[in-house]
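Peer 1: Given next are the chains, with one letter for each unit.
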Amino acid sequence: MAMFYLLLLLVLVGIVSFVLGPIKVLRNIIAFLGAVTAFFYFLTNIKPGLIYSLNIRVYNVHFEAGFSSMFFGVIITALFIIFLIASFHEENDGAYYLFAYLTLTGALAVLFAKDLISFFFFFETMSLFSFLMVLKGKSDTSFRSAFKYLVWSVFGGYAFLMGTFLKVYYTHSVMIGDISYLAGGVKLLILILLLAPFAVKAALMPFHLWAPDAYKDSKDTFTVFFSGGLSKIGVFGYFLVLFKVFTEIAVKYPYFLKAFAWLGAITAALSGIYAFMQDDAKKLLAYSSISQLGYVAVGFGIYTHFSVVAALFHALGHAVFESLLFLVVAGVYYRTKTTDLRKMGGLIKRMPLSFIGLLFGIIATSGIPPTIGFPSKWLLYEALILKGDLLLTSLVFFASITAFLYSYKLVHGIFLGKLHEEHKNVKEAPLGYAFGTVVLLVPLLVLGIIPGLVIKPIDYIVRFYLKPELGYNLANMNTPLGHVNFPVVGLVMGLTFALSLFIYLIAGKSYRAEQTDNYTATEAIDEDFELHYAGEFYGFMKKAFGRPLTWSFEKILNAFLKLFSFLGEVARGFYMGDARVYLFYVIAFFALLAYLMGGKL
Amino acid sequence: MKLFKFAQSRSLWMMHFCTGCGAVELPPTMTSRFDMERFGIIPMATPRQSDLLLITGYLTVKTLKRVVRAYEQMPTPRYVIGFGSCTINGGMYWDSYNVIKKLELYIPVDLYINGCMPRPEAIIDAFLKLREMIDKGEANAWKKYIENYEWYKKNQAEVFDVEKWSLKK
Amino acid sequence: MTVEETIKKDIETTFGELVRVEIERKHRVRAYTPRNMVLPMLAYLKQRGFHQFTLLTCVDWIKDGKFELVYNLYSLNYNVHVLISTKINRDKATMPTAINVYEMAFDYEREIHEMFGVEFEGHPRLDEFLLEDWKGIPPMRKDFDTRKYVEEKYGMKDLTKELFTRKEQPYRGPGSNG
Amino acid sequence: MSILYFFLYLLLVTIIGLLYMGAARKITAHIQNRYGPPVYQPILDVLKLFAKKDTASHGIMHSLGPVIAYTGIAATLLFLPLGNHTPLLHFNGDLFVVLYLLVVGPLGMALGAGESANSNATIGIARALSMMLGYEIIFFMATLPVFYHYGTASIYRVIQAQGAFPDWAAILFPISFIAGLFALQGLMGEKPFELVVAPHEIASGPMVEYGGKYLGLLQIWHAVGIIVETGLFVDIFFGPQSILWFFAGTFIVFFATVIVNAVMPRFRIEQAVRFYWGLPLLLSILGILQVYIWR
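One line per chain: the protein sequences are A, B, C and D, in this order.
When the count follows the numbering used here, it moves up by one through the first sequence with no breaks and lands on 601 for the last residue.
When the count follows the numbering used here, it moves up by one through the second sequence with no breaks and lands on 169 for the last residue.
When the count follows the numbering used here, it moves up by one through the third sequence with no breaks and lands on 178 for the last residue.
When the count follows the numbering used here, it moves up by one through the fourth sequence with no breaks and lands on 295 for the last residue.
Think of the hints as simulated: they come from the structure by calculation, not from any bench.
A couple of the hints might just be wrong.
What the hints assert, rightly or not - Which bits of chain B does chain C cover? Going by a derived footprint, with three or more residues having C-beta under 8 Å, they are:
no.: 1; stretch: 86–99
no.: 2; stretch: 150–163
Stated by the list, open to error - Simulated crosslink set (EDC-like; lysine to aspartate or glutamate; CA at most 16 Å straight-line):
no.: 3; chain 1: A; residue 1: K343; chain 2: A; residue 2: D280
no.: 4; chain 1: B; residue 1: K62; chain 2: C; residue 2: D133
no.: 5; chain 1: C; residue 1: K153; chain 2: B; residue 2: E104
no.: 6; chain 1: B; residue 1: K62; chain 2: C; residue 2: E128
no.: 7; chain 1: A; residue 1: K337; chain 2: A; residue 2: E91
no.: 8; chain 1: A; residue 1: K343; chain 2: A; residue 2: E530
no.: 9; chain 1: B; residue 1: K164; chain 2: C; residue 2: E132
no.: 10; chain 1: C; residue 1: K153; chain 2: B; residue 2: D161
no.: 11; chain 1: C; residue 1: K135; chain 2: B; residue 2: E158
no.: 12; chain 1: C; residue 1: K66; chain 2: C; residue 2: D91
no.: 13; chain 1: C; residue 1: K142; chain 2: C; residue 2: D60
no.: 14; chain 1: B; residue 1: K164; chain 2: A; residue 2: D528
no.: 15; chain 1: B; residue 1: K62; chain 2: B; residue 2: D161
no.: 16; chain 1: B; residue 1: K154; chain 2: C; residue 2: E152
no.: 17; chain 1: C; residue 1: K148; chain 2: B; residue 2: E158
no.: 18; chain 1: B; residue 1: K164; chain 2: A; residue 2: E514
no.: 19; chain 1: A; residue 1: K244; chain 2: A; residue 2: E64
no.: 20; chain 1: D; residue 1: K53; chain 2: B; residue 2: E72
no.: 21; chain 1: C; residue 1: K92; chain 2: C; residue 2: D143
no.: 22; chain 1: A; residue 1: K542; chain 2: D; residue 2: E270
no.: 23; chain 1: D; residue 1: K191; chain 2: D; residue 2: E270
no.: 24; chain 1: A; residue 1: K509; chain 2: D; residue 2: D54
no.: 25; chain 1: C; residue 1: K153; chain 2: B; residue 2: E158
no.: 26; chain 1: B; residue 1: K164; chain 2: A; residue 2: D526
no.: 27; chain 1: B; residue 1: K62; chain 2: C; residue 2: E132
no.: 28; chain 1: B; residue 1: K5; chain 2: B; residue 2: D135
no.: 29; chain 1: A; residue 1: K387; chain 2: A; residue 2: E469
no.: 30; chain 1: C; residue 1: K92; chain 2: C; residue 2: E68
no.: 31; chain 1: B; residue 1: K102; chain 2: C; residue 2: E152
no.: 32; chain 1: B; residue 1: K164; chain 2: C; residue 2: D133
no.: 33; chain 1: A; residue 1: K343; chain 2: A; residue 2: D528
no.: 34; chain 1: B; residue 1: K164; chain 2: A; residue 2: E523
no.: 35; chain 1: B; residue 1: K62; chain 2: A; residue 2: E523
no.: 36; chain 1: B; residue 1: K164; chain 2: A; residue 2: E527
no.: 37; chain 1: A; residue 1: K349; chain 2: A; residue 2: E514
no.: 38; chain 1: B; residue 1: K102; chain 2: C; residue 2: E151
From the three backbone atoms N, C-alpha and C, an ideal C-beta is built for every residue, glycine too.
Hey, can you work out the whole structure from these sequences and the hints?
Peer 2: See the structure below:
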């Protein structure tokens, strides 16, 4: 019952905030209180193993809360609150909040759904309303981006529906349950069809095309929830399909898993490369988000206990740091009205808190200790080496190096360098953004130093399906390969930092130089001299990579489009000719017939 | 303290800023024939990193502006060696309308090397002399610049636009 | 007939009485031209094969009150320099620009403008070129007193006086008066 | 007590690293038929830099950049076993901890140099980060077979698993070893991969706005970096050594890079990255294949 009440509450709050649309303050208060209530209701009332079914005359909607639904539900709801608080600073109407709440309802219902039909229904609800959210985005190209997103979602959704029908046909059950006993090809087909929408949601490589545009063109605060929260549904789907629907996949189709892992690694590496070639902050982050979700796919593809733990931990980490980065960029956009890296710079002097947020965000994205990005990367590498796929390991490592490149480009473009004249009077991001930044910084650091806090629930999720191999307690993690005590890593870093700072402080004094007091081959420069170079930051990499960098999936798709329209033209020519053409066809047909008959006619 | 002084005199990083024709004497001084690195003197790329500014030859007003800027960007203690007769009295450009005559009027100089051109031996001799001066605490021209800042600025203002070319601290 | 003589004859037949052409020595032909004939002559010589604009220079004839502008053209085919000199008035010296004929003239004209103060009519960019923040008369004019300027600006009074007393005849180097 | 031990240990390694730098200058000088500075010259340089009275800073991040850089390398050092010598945190030392901590240094320097807004610095950083796409991946791929072969990711256990002389990983995995040598040259930032600093081209790159104590911190960062980078290489490929032999080993490896540095010109950036994706990548893939065949 609790789950139903929760969903009902969310829908009601959405409708109320829609009705209260013009009365801004009241609407915001209601929306905020609704989200907070939902969050605490979720924490207190929903326990793993809770079952509820709703009888709607012809159909029973089944709900069940598991450990995984709890895990993802908490992430999504918490991010929703952060998104909501920041979004109050934007100009939004009531419908925006209605759509937002219905998106959240759909997402949570997906987590609870126990049968495939209602799963599909809620999944499509979520997709539809998140499409509407993107549609309400900020730029002129929003419609195009949103439409792209919708097309891909619908594609994924119908693949899922097809998979559902196949499963129902063969197993006579709509419940989410094992299909391992089915005959060969059918299983694999169902598996792929069921996995498709989640690959779309988590932007796995051939299905990622909607993501950069949709992330870029949705409203900045919504992107926080969109990238950090909704993509978790994709990860949840991976978990659902690979562990609940097809339990014996590792035995039956190890090559499928291997392909899945490689796909994830390719996603991570290629998106990383695309990310550091972008000049727009949100597009860069979009590719970075895709890249990070690639690691999650790798973790699932390896299919050992601690690789899946790593994947789920990384999903959590992704939710934390990617949301943090999007939130900071949203705050910067709120103040400067631009996300173009070439037009910003030097904002560290005006927005110090945002800078700290972004700095720790990129440190976590790069996977440097002591942040949340490190434990999952560490576990993933251990799992990869233990699995013995060294080339895959190398590709994943390559991807994580690209993370250094794009994350530095981001912080350099926005915060470092010379302050532009038009940003002289920019203030720190408003309270809503600052709140989210501070709140997200806490798990980012705490879970980086004491990952044991969440390893335990994640272990509960995974140990039911895979043999537990990972030794862990609050501070330590043990794999057959190695051992890390994360607080000690943090402590050593703190200690050495104190030492370096000590050296810095006892050494001679320094003075604060003006920005124009710069080594420019001793030329005197004035304020409007262009010192800060952020565009084409890795321009020379185009030379290093050569042609492959200019390839993209979009171009391939466009080539397909051209091919199909050409074929269409040809086919049209057959049907749309005039009388003479038809006469020619008839004669040609008879000539062919005569030839085939070989003169017997 | 003594150790730091020792280090200061033994490690002089020279700015790689060749002004006049005297720069041509530096490559032999750096390379294997005379090897100034054995005294701890190496060329550095930017004024931020260097201790020693070598004015190698004549300075036009145009160059002087840049030299003053570079000099002010160098962290203290910083030393200046005037190199060749051009820095002393204008040398062969004694009546040129665009070459400054006395370097000392614009930036303080620790040491002059006479000649047109001085040989690498003379340069190395000057380096050793400068090292001695630092050891004895005599190479204090940079202090003069800070104490008599107004005076130097006044002199500089007579030849170029000081407002634009000097640093604001 | 040598190449130089051919060129001389060609110029003379084309421009007639207005120009005086001399063969100064081998490979060098000099044409004395009035101010308004310079551009036609440059155009003519360019299509005659003198593709290289080597130099534009200026001489200050202060006693005559004239500037002499010398355009130095060169032809790789003939291996011949043609110098076109023209005299213009010294006060309010103006000259039509040659950049429409030879683009190379762009920087030379800027330089002459800066050093002698000759205004080139139609030149798009006669601003600061080699000197920075120069005020007063252009430094290459002969009425510009270099020594006085140096004494005032760089404070070299003592040294120059000493020089004069030691030698009986003052040194007259390039750039000094007369 | 142990904290004091950490500090003394760090100080000692810093001084040894500075002496290595001095030795490099001396070796280079002798190759160029010069006499060269005394071996202790870098120590004097660092002392002088720390004694500088007024250094220009462009803001808080510009000041903290070198501090973070030294933090990163010092933390890495504490996780790195020095041969057979009982290291400080060997129980915790893991290849990935070390590799990720190694990146903190360049990142700190990049953040600091970025705030100076100098275009030379920007170019230098862009190069430094792009170069990582070349050498880091090769270094990683070259060491992977060793870790895979000994079935551990702990550097300490890899050292212990190797035996005396003929049992070294360098001899078991000669192809990976050569690939690792290529990567080491880039990791150390020596010519022909000296693109980041390139004093004649981009005025010492990221260091362009750093002087005085900042440059001093960067110098000792580089000094410890030499020990850590060559030490990591020696640990992985040369098996268990007493501390003296460990330093001898690092010096030999360092000597090799210095000699290459002294006689080589410099690559352009895209040439350098492409170079790494040519022969060294092939070698490291061959090394991985070798370990597969062995198993």
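Peer 1: Below or equal to 16 Å on CA atoms is what counts here, so check K153(C) against D161(B).
Peer 2: 14 Å, holds
Peer 1: Quickly compare the C-alpha distance for K62(B) and E132(C) to 16 Å and report which way the hint goes.
Peer 2: Distance ~7 Å between K62(B) and E132(C) Cα, so the pair holds.
Peer 1: Given the hint that K164(B) pairs with E523(A), test it: the Cα-Cα distance must not exceed 16 Å.
Peer 2: The hint holds at about 10 Å.
Peer 1: Decide if the proposed pair is consistent with the structure: K62(B) and D161(B), CA atoms, cutoff 16 Å inclusive.
Peer 2: Since the Cα atoms of K62(B) and D161(B) sit roughly 11 Å apart, the hinted pair holds (cutoff 16 Å).
Peer 1: Mind checking the alpha carbons of K164(B) and D528(A) for me, to see if they're no more than 16 Å apart?
Peer 2: 14 Å, holds
Peer 1: Between K164(B) and D526(A), is the straight-line Cα distance small enough, at 16 Å or below?
Peer 2: Holds - the C-alpha atoms of D526(A) and K164(B) are around 8 Å apart, at most 16 Å.
Peer 1: Run the distance test for K542(A) versus E270(D): straight-line Cα separation, threshold 16 Å.
Peer 2: At roughly 8 Å apart (the allowed maximum being 16 Å), E270(D) and K542(A) satisfy the hint.
Peer 1: Counting residues of the stretch 86–99 of chain B with a beta carbon closer than 8 Å to any beta carbon of chain C, are there 3 or more?
Peer 2: Holds, because 7 residues of the stretch 86–99 of chain B bring their Cβ atoms closer than 8 Å to Cβ atoms of chain C.
Peer 1: CA of K154(B) to CA of E152(C), is that 16 Å or under?
Peer 2: This hinted pair holds, its Cα atoms lying about 14 Å apart.
Peer 1: Within 16 Å, alpha carbon to alpha carbon, are K349(A) and E514(A)?
Peer 2: Roughly 12 Å separates the two Cα atoms, so the pair holds.
Peer 1: K509(A) and D54(D): Cα distance at most 16 Å?
Peer 2: 5 Å, holds
Peer 1: Run the distance test for K53(D) versus E72(B): straight-line Cα separation, threshold 16 Å.
Peer 2: 13 Å, holds
Hint compliance for this structure: no hint is broken.
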